[in-house]
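Trainee: So the protein lines, in turn, are chains U and C. The opening residue of the first sequence carries number 1 in this note's numbering; numbering runs sequentially from there. The opening residue of the second sequence carries number 1001 in this note's numbering; numbering runs sequentially from there.
These are calculated hints, taken from the structure and not from any lab test. Check each hint, because a few of them may be wrong.
[What the hints assert, rightly or not] When the alpha-carbon atoms are kept at most 20 Å apart in a straight line, the in silico EDC-like pairs for lysine to aspartate or glutamate are as follows: (1) C/K1283 to U/D46; (2) U/K175 to U/D212; (3) U/K175 to C/E1129; (4) U/K123 to U/E174; (5) U/K123 to U/E49; (6) C/K1283 to C/E1129; (7) U/K175 to U/E151; (8) C/K1047 to C/D1157; (9) C/K1283 to U/E145; (10) U/K123 to U/E55; (11) C/K1283 to U/D484; (12) U/K175 to U/D51.
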Amino acid sequence: MKTTIDLVNGGRLPLAAIPVLPFPEFASGVIDLMRHSATPIAYFADQAEPDGAPELFAVLTAAEPGTFTVLRSRLEAGFNALTPRVSQFHLFEREIAEQYGIAFNDHPWMKPVRFHQVWQGGKDAWGRDPARHPQPGVMDFFRVEGEEVHEVGVGPVHAGIIEPGHFRFQCFGEKVLHLEISLGYQHRGIERLLLGGPWPQTPSHIETMAGDTTIGHMTAYSLVLEALSGTTAPPRAQALRAIALELERLANHVGDIGALAGDVGFLPTASYCGRLRGDYLNMTAALCGSRFGRGMVRPGGVLFDAEPARQQRLLHTLADVVPNTRGALSLFFEAPSVLGRLEGVGKVMTDDALGLGLVGVAARACGLDCDTRRHYPVNPYNAENVPAIIEANGDVFSRARVRQREIEHALTFVRQALENLPEGPITAPLNSLPADTLALGLVEGWRGRLAHIALTDGQGRFRRYKVVDPSFFNWSGLAMALRDEQISDFPLCNKSFNLSYCGFDL
Amino acid sequence: MFIRLLLHLLLLAGLSPLLIGVITRTKAIIAGRRGAPLWQPYRDLGKLFRKDMVLSSTTTWVFRAGPVVGIAVPLMAALLIPFGAIGAPFSFSGDLVLFVYLFGLARFFTVLAALDTGSSFEGMGAAREATFSCLAEPTLFVAFIVLARISGSFTLDTMFGTLLANNLQTVYGVSLVLTAICLFIIMLAENCRIPFDDPNTHLELTMIHEVMVLDHSGPDFGLILYGAAMKLMVMGTLVVNFVMPPATGHLLLDAGLYVAALLALAAGIGLVESGMARLRLIKVPQLLIGTSLLSFFALVLLLR
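Bound conformation, chain U alone (with noise of 0.2 Å):
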């Protein structure tokens, strides 16, 4: 008998054709797959009866290319956590040990993820009231013991306008022996709220995941829909979510590049990227009418078209703003008391990057070849049009420099698909969508991939949707890069990241 079952990107299953293992043969086939280097995407139970035992769903990559292999087994209370060998699944199960109130045993690091409420009432698995909503930040932190050894807490209130989170630094002198990010503070209980969807209010919600990837959390929520309908986006509706969402990288890159030029006090660049952003960002806008491109994407395909009187003037602004965007980046990567900063600083070695699962710019920094475009495409992305673009040392410098090399690619990527509009209906219909469905999107979002899995009841309806922003792995990436770091590159290690706060709480 098959153990397990293989989808594609966008792609849907029945229920029914996933068999429940027993969790040791479940437990075996996770190790087994991770032997062979598969990417763990997602792991999450869901509790279809409100008496019923939780059913655990794992999602990986699956050894035949372009597929992802979805297992599928019964939660029971006190079994032993995978963590110890299959290490990128560490937040996975606390965040199921938080939502469910299952403590798993021997999970090396078993603490609160968002500090929530269990979900359906009951027991708290680290004996918290669960009537009462447990208190942000509120856990054990890893505490270094020694003379000379001290203790620097930063946040949840910040000195900037930024969103909330705890960063406690073990500190010996101005080094950094450890740091410990406490989030949560952003959890507005997306995933909950979506449960018996899709609502009238649904898109927005996506929207608002982290709301500097509207269109990547849009897109990746109406490949599942579409999946789940078995509906296609006309081709000029998908070259239309691909224009947005290379607009979206653009603005970001910008800006982050930018931001890193303010932290290391290079006012040029910095100057120069905080204007250029405000340009990619009005594309967007020109194109539907929101700077962040809310309502440009919709199940079905997307809501504004760009006819060729808008198609010329964004190539005109496009034609513009790139020789600024190239002078404020080649200033920046050429100024020796820029690269001084940058190099060796906040290194992340490969190994451990693959160990936390790291995804988007953070893991290409380290060398890994990673890319949803590339390797689960979606039209009219494919493996040809999206190179690998990898850089080997996984510095601050390496995170720096794919932006700089994906900018250089989007800006040909935007021009091209701009230029060569397929001409067509801008959305489908869908269909209702089918009962005990399971369906998957990918999109490789600015900051790395986006995973939205949802599951639909007997009446069609979410029983389950699942989100994975890339800042819910890539935030361990930051802890580990300021090991042994010097705590005041820690802002400059940050913005290297620039992690969403709210996407990793949803």
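Chain U is fixed; fit chain C onto it per the hints.
Mentor: Just chain C, lined up with the frame of chain U:
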């Protein structure tokens, strides 16, 4: 005597915020922005002095003393040095030692005030300030010794004058140029400018001087900013004194010449800050030790 004293203090109090304005404006123009008006620092100070103050309940009088000493010191130190061709109101043989240690006193109180808050950020800032100033101090001393040796005088008033202009062609030329470079770098370091510190990023983990004054607010913070501006002017005056053309002998003309040179120096600082990134904190001691070596080298050349 009294008029010279008044002129000195007026120049210092009136002109020092303008230097900050010029630096900010230069940086803005290079970055392609219009920038804040030149008199913005005066407005900022006025605003701070009209504000109320928040004092942490854990602090003592030491916390309040920091800003007061911070502004008293540059006022006193300014009286020991000539502003261009305008002579110093007070001088005595060996006043250069007093000059250096007045700033040591100010630093001591700023560090104490920072430690008084009990905040881990301010503690880090205090540790950094103490470390880096240890490394900057010898350079200033050795530079003064070089000047004293060439001019044969131990008073700051007569040490500068037309020293560089007159001796550039002589055997002292190389020593003097090296010393001028050292003084410029020390001025940047002592006033927390790029590449040593970035007065603009308010990132609590990377700052040196700014992080020590995080808990100060209102008039106290105004005193700190005003004191910092005066310190910049005093240290800048050392550099200006060095490269000033010979005096004209006319008091007003000399004053105008001095002001123009000081503003040019501020614009120069703005250019440096626009053109390079800040150093990694771990590299700052290397640059400061390098500067010390440069000043020793100047001395060795002199003694050979």
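Trainee: Each hint needs a verdict: does it hold in this structure or not?
Mentor: Hint check:
no. : hint               : in the structure
1   : C/K1283 to U/D46   : violated (52 Å)
2   : U/K175 to U/D212   : violated (32 Å)
3   : U/K175 to C/E1129  : holds (17 Å)
4   : U/K123 to U/E174   : violated (42 Å)
5   : U/K123 to U/E49    : holds (17 Å)
6   : C/K1283 to C/E1129 : holds (14 Å)
7   : U/K175 to U/E151   : holds (11 Å)
8   : C/K1047 to C/D1157 : violated (36 Å)
9   : C/K1283 to U/E145  : violated (28 Å)
10  : U/K123 to U/E55    : holds (18 Å)
11  : C/K1283 to U/D484  : holds (16 Å)
12  : U/K175 to U/D51    : violated (50 Å)
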